[in-house]
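Q: For reference, the chains in residue letters:
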Amino acid sequence: MSDLPVIIDIRSLCRFYRMGGQTVKALDNIDLRFRKNDYAAIMGPSGSGKSTLMNILGCLDTPTSGSYELNGQNVAEMDEDELARVRNREIGFVFQTFNLLPRLNCLKNVELPLIYAGVGPEERLERARAALEEVGLADRMEHKPTELSGGQSQRVAIARALANRPSIILADEPTGNLDTATSHDIMEMFGKLSDAGNTIILITHEEDIASFTRRTIKLRDGKIESDTGT
Amino acid sequence: MNGPIRQLRYETAESLNMAVYQIRANKTRSFLTALGVIIGIVAITMMGTAINGIDLGFEKSLAMIGYDVVYVQKASWSTMGQWWKYRNRPDIETGYASQINRAVAGNPRSEVLVAVPQMSTFQASARYRDRLLQQVFSLGTNQDYPLTASGDLSEGRFFTPQESAAGDMVCVIGDDISTGLFPHEPVLGKAIRLKNSNIRVLGVFRKQGKFLGLFSFDNQIVMPLGAFEKIYGKTTFVSIRIKVRDEKRIKEAEEEITGLMRRLRRLTPGQPDDFAVNEQQAFKSQLDPIKNGIAMAGIFITGMSLFVGAIGIMNITFVSVKERTREIGLRKALGARRRTILLQFLIESVMICLVGGLVGLVTAVSITFSIQFLLPDFPVRFSPMLVLASLAVSVATGVLSGLAPAVTASKLDPAASLRYE
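Heads up: the sequence lines are chains A and B, in that order.
This note's numbering numbers the first residue of the first sequence as 93 and each following residue consecutively.
This note's numbering numbers the first residue of the second sequence as 5 and each following residue consecutively.
Read the hints as simulated data drawn from the structure, not as lab findings.
Any given hint could be a false lead.
Stated by the list, open to error - Listed next, the stretches of chain A that the computed footprint assigns to chain B, with coverage defined by at least 3 CB atoms under 8 Å from CB atoms of chain B:
| # | region |
| --- | --- |
| 1 | 149–160 |
| 2 | 208–221 |
As the list claims (entries may be wrong) - Restricting the straight-line Cα-Cα distance to at most 25 Å, the calculated cross-link-like pairs of lysine-lysine (DSS-like) are:
| # | chain 1 | residue 1 | chain 2 | residue 2 |
| --- | --- | --- | --- | --- |
| 3 | B | K326 | A | K236 |
| 4 | B | K238 | B | K199 |
| 5 | B | K252 | B | K288 |
| 6 | A | K128 | A | K284 |
| 7 | B | K288 | B | K214 |
| 8 | B | K247 | B | K214 |
| 9 | B | K31 | A | K236 |
| 10 | A | K128 | A | K315 |
| 11 | B | K255 | B | K89 |
| 12 | B | K288 | B | K211 |
| 13 | B | K326 | A | K200 |
| 14 | A | K200 | B | K31 |
Here a beta-carbon is modelled for each residue, glycine too, at the ideal position from N, C-alpha and C.
So here's chain B without its partners, still in its complex pose:
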C-alpha cells in the first residue's frame, strides 16, 4: 500500500478518536458550542422548508388556473394596478367565444382547442332558507366550461348544452358553498336563492383550496350565461377562457388568439391591442421576484445566526488550542507534522458542527412534521436536498470556523509548546 496515504489514514483515525474523546470529555462546552450550530441549522432549514412550501402553494395555485388555458380579458395580469390604461378599452363580449370557435374550426393547424365565454361577479351572495353566504363568486358560462377548468365534480353533473342554450336556472356549486348552505343535508336538486331568483343545484365541485391564499375556487357558483344575465344583468366582467392544444406551444396559441381578436375588433395594423391575452405565466413572472426576494432575505437573516454559531466554534477551538499547547508540542516532538495537527483540530470543529447540524436537522424535521400535523394548510415542505444542503453547510461551517485556530495550532513552535505551562 502507498505509504503516505496509509499514514494519513492512521493519523485521521487517531484524530477522529481524539475528537470524539474531546467532545465527550467536555460535554457541556461541546453542547453549548454545538448549540450555536443547532440554532443556525434549525433556522436555515425551517426557512428552506417555508420557501419550499411557498413554492408548492404557488404551483398548486397556478395549476388551478390551468397551464393550458389562456384568458382574453380587458386588462392584462402582468401590469395589474394600472387600471387607467384599460379603462377606455371596449368590453369583451361573450359572443367572441363562438366567433373564435367558428374561426378555428376550419383550421386544422390551429393551436386553439375551444373557447368558452365567462361572465362573473364577486359581489354575489347566496341564500338557502335562513343560511346566507356573502361574497361568493358567481360565474355564467356554457357547457364547455369543464374543459377549461381544473376540478371535477364530487357529486351530480354539469349542465347540458340544452340547459346552457336555454339559460335554465340551474347551477354547479363549489365545495365551500355546499358545506356552508347544506351542512347536514343532501344538496342536489335544492334551490338556492341568488338576488331575487331561485336556482337549482345540479352538481358540486370537488374541494380545490385557495388560489395564492387570496380567493377560493370552492366559493363559486357556475351557471349558464342566460341564467347569469337573468340574475345579475349584462353589465358584468366578461372574459373568454381558451384551452390550447399543447401547453408547450402556449406562446404560439397566444399569437393566434391575438390575431383572431384583432380581426374581431377590426384593428388596423398600426393600432395597439385593445384587449389582453393572459396566462398563468404572467402571475409567475410577477410573483417570482417577490418569492426570490423573500428567499434571499430569509436565507441571509438565518445565515447570520449560523455565522454567530461559527464564531462561537472558532472561539472555543482557540481556547482548546491554548489549553492543549503542551499536547501539541508533544505530538510534534513525536513526529506529528503541521498538516497532522491542522487536521486534528479541523476534524474536531467539523465534528462538533456535524453533530450540531444533525441535531438541528432532526429538530427542524420534527418541527416541520408538527406543523404539518397541527396546521395542514400551512405551506411547509421538507426535501432531501434540504438535508444534504444543511449537512454541507454544517461541514463548511466547521471548516471555516476551525481553520484559523487549527492553522495557529499547526504553526506552534514545538520547543516552546513543550515548555508551556
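Bound conformation, chain A alone:
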C-alpha cells in the first residue's frame, strides 16, 4: 500500500489464558503489520479477542508465543519496567471511560505521561498547553474533568495521548460513552490527527465509527477474519 516504515510487526502471535482448567485461545496465530500513518479500526464481536489484541498492542500484556516488534524493539521479551518505558514513549492511550484523574485539572492530566518521561516542569506545561490547543480546548485548561462534557473529556484524553508524541495512538472504544454527534466530532478529530501524520489504531464494534478509518481489521475467535489493507 505504501512504502512508509513498518511501526508494528506482529508474527505468529498467540495469547492463551487458562480458565478453570481450560485453555482459552484469545489470539491464535496472528500476523499483523501497521505502517506509519496507518489509520485502522479493529472490529469484532465480544470474545473475538480484540481487547486482548489491544492490550498486547499497548504493551499492557505480553504474548504467550510469537513476536511483536514495535519500532524495531522486541516487546515480547521485555520486563515490566521496560514495558512501562515503551508505553510511555511509544503509545498514547485513549479509553472508552476517558480515565482522567478527577482531582487534577486538564493541564495536570495531560502532563502526567510527561512526568513519567522525566520532562522538566516548564517544558511539561508548554507541551501540555500545545496538546490541549491542538484538540481545541485552549479555554478549558484549568478546568477539572468534572466540569467538562463527555466530548470535552475525551478530547483531554486525546491531548494526554498526544502529549508525549507517541509512535501510535491506541484508542479503545473511544466513542463508546458518547452520543452520535459527539462521536462524530471525536472521529473528525482523529481524522485530523491522522492527516497530521499520526498513526492511529482504534477498537470499536460500530461499523459507523470504523467507516471513518482507512483500514478495517475484523477479528473472530482469535483469528483475523478480514483486513482491508496490509
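The hints should help you fit chain B onto chain A, whose structure is shown.
A: Structure of chain B alone, referenced to chain A:
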C-alpha cells in the same frame, strides 16, 4: 542533569502532591488513621519523658550523696537487706575519723582528703513551743562536715572547731525544719527542743529536695558530736564520711581506705573485712537494672499502641489501593513503573504517619509542660533526642505499614486494573 534522578525527582514531587491531595480529600479517614499514630507517639514520648525524668531525679539524688564522698559503715549498700551478714560486726567508732586523718596526713600521695565522723538517728523529734516535728534526722559530726556534704547555708553559719570540740549545744537545721518550726519568724538564735535538751540554731541549709523520693536532706539537724551524745547517748548509728581528692580515682581511694580500716581493726590478711566502704556507685548499680526494667516494659507496652496504629494504616492503605485500582492501571498505562507506584503509596502512608507523629509530639510536649507547670516536683524531662526519635519512629511506622499495600499496588496487572470496576 542525570536523567533517571531527574525523573525520580519529578515523580516524587507528583507523589507528594497526590498524597497531600488524598489526605485532604479524605479528611475524616486520614484523621482517624493518624489518630492511631498520634496516640502511639504520645504514649511513647510520654514514656520517654517519664524515663528521662526518673534519670534526672536519680542523678540529683546521687549528687546529694556526693560523687566524691565514700562512707565507711557497718553494712554495705550493695547488699542491703541481708542484715544477718553484718549484725555481728563490731560497730564503727567516731574515733576512726581522726585516726584516718592522722594516717593520711603524712602521706602526700593519699587519695583521701578528709574523714569526718557522723552519728545519726531517724527517731528524733524536734519541738519549738507548741510546734512539733517528728521523724527528723538528727546528726552529730564535727566542723569538717560541710566539706563532705552537698548544700550550702541559706542563712547563719556552721559551728566552729571550738564549738565542735566543746560539744556546745548548737545546730544547723534543714529547710523543712526551719519552715516547719518557724513559719513566720526569724530562726537564728532560737532554741529548739530535742528530747529533753535545748539546742540553739546557728544556721539553715538551703533546700535540697528528696533523695530518691525516700528521705529528705531538708529534714536534718546537724550538731557537734558532743551535743549529739548528750541528747541521744552513744548507742546510735555511726559512719565515717570521707571526701576523696579526685572522684575519678574513687576506686583507688576505696582501696586505700579499706587498707587503713583493716589496720585500725587489726585484721590479719586471711580475715574478711568487718566493715563496708560505700559510695553512690552502689546505689547506681542497684537501681540501674530496676530503671532499665521499667524503661523496657514501658517502651514495649507503649510500642504496642503504635503497632495497633500501624495496623490501622496498613488496613486503610489496602482500602485505598483497592479504591484506586483503575488509577493505578491508568498510571501504569501512561508509563509509571512499579517503583513509581510503590513510592506513591509509601509516601502517602509515611505522610499520614509523619503528620500523626507531629501532632502526637505537640500533644506530648503540651502535656509535659502542663505537668511541669502544675506539679513541679514530678520528674519529667523532654529532650531533643526524644523529638528526633519519635519522628524517626513515625517514619518507620509509615514505611512498615505502607510497604505491604504499596507492593500489592505496584504488582497490579495494568490491563486488569484498567478494567476494574
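Q: Check each numbered hint against the structure and report the violated ones by number, ascending.
A: none
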